[in-house]
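Listed here are the chains, written in short residue letters.
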Amino acid sequence: DAKTTQPPSMDCAEGRAANLPCNHSTISGNEYVYWYRQIHSQGPQYIIHGLKNNETNEMASLIITEDRKSSTLILPHATLRDTAVYYCIRSNDYKLSFGAGTTVTVRA
Amino acid sequence: DGGITQSPKYLFRKEGQNVTLSCEQNLNHDAMYWYRQDPGQGLRLIYYSQIVNDFQKGDIAEGYSVSREKKESFPLTVTSAQKNPTAFYLCASSIDGLAGADTQYFGPGTRLTVL
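Sequence lines, in order, name chains Z and G. Residue numbering for the first sequence follows this note's numbering, starting at 4 and increasing by one per position. Residue numbering for the second sequence follows this note's numbering, starting at 232 and increasing by one per position.
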């Protein structure tokens, strides 16, 4: 049980922003929202995580709604190398429950 | 260059043979993890260890064994008791594996095929 809901797939144009939604309506107060991505046949790559506030790093931005029931990962300028499966995970300890994620295809 | 290494990248074994997958990290992390991934699916936790000489079963530990004799090493043995061993195996590590924001970092994975 992944405990988050993501669309199975989405396309994005190269150079445009990619906005990846995630629903986690039953998230508890001490659970963080993590985002990872996995390029085919490689290990998952950590992207970003947050608790309540919006977060930004060199890879992406994470926008968490005020009620914390959903979040959006933003890749500001998608490139072909961003094509991957993106996982949204909620966790407050060692346990990461990976669901099927969103397959993002960036097209030239 | 810090990170997690897994070897080999591809591994082939005959049915009925035990096989050990290597995982090494030089991040000075206390916690290490093993996951299994089947085609088109997410990751499932096999075993984890939060400290040397201690480890706990994850969700799918049957047919697997681990050891944690050194902080930087967490080898996984796939035994002949594992009914469907062919899969992509991923090792990860994190600072302490305790509650809170303890980010896990993953190795490149080992693809095991049992013939």
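Just so you know, these hints were derived from the structure itself, not from any lab. Wrong hints could be hidden among the right ones.
[What the hints assert, rightly or not] With the Cβ distance kept under 10 Å, some of the chain Z side facing chain G (calculated, not the full set): (1) G46; (2) H52; (3) G53; (4) D96.
These numbers come from a predicted model, not from an experiment. For glycine and all other residues, C-beta sits at the position ideal for the given N, C-alpha and C.
Status of each hint after checking the structure:
1. G46: holds (4 Å)
2. H52: holds (6 Å)
3. G53: Given a least distance of 9 Å, the restraint on G53 of chain Z holds.
4. D96: Status holds, d = 5 Å.
When held up to the earlier numbered hints, the structure conflicts with none and fits them all.
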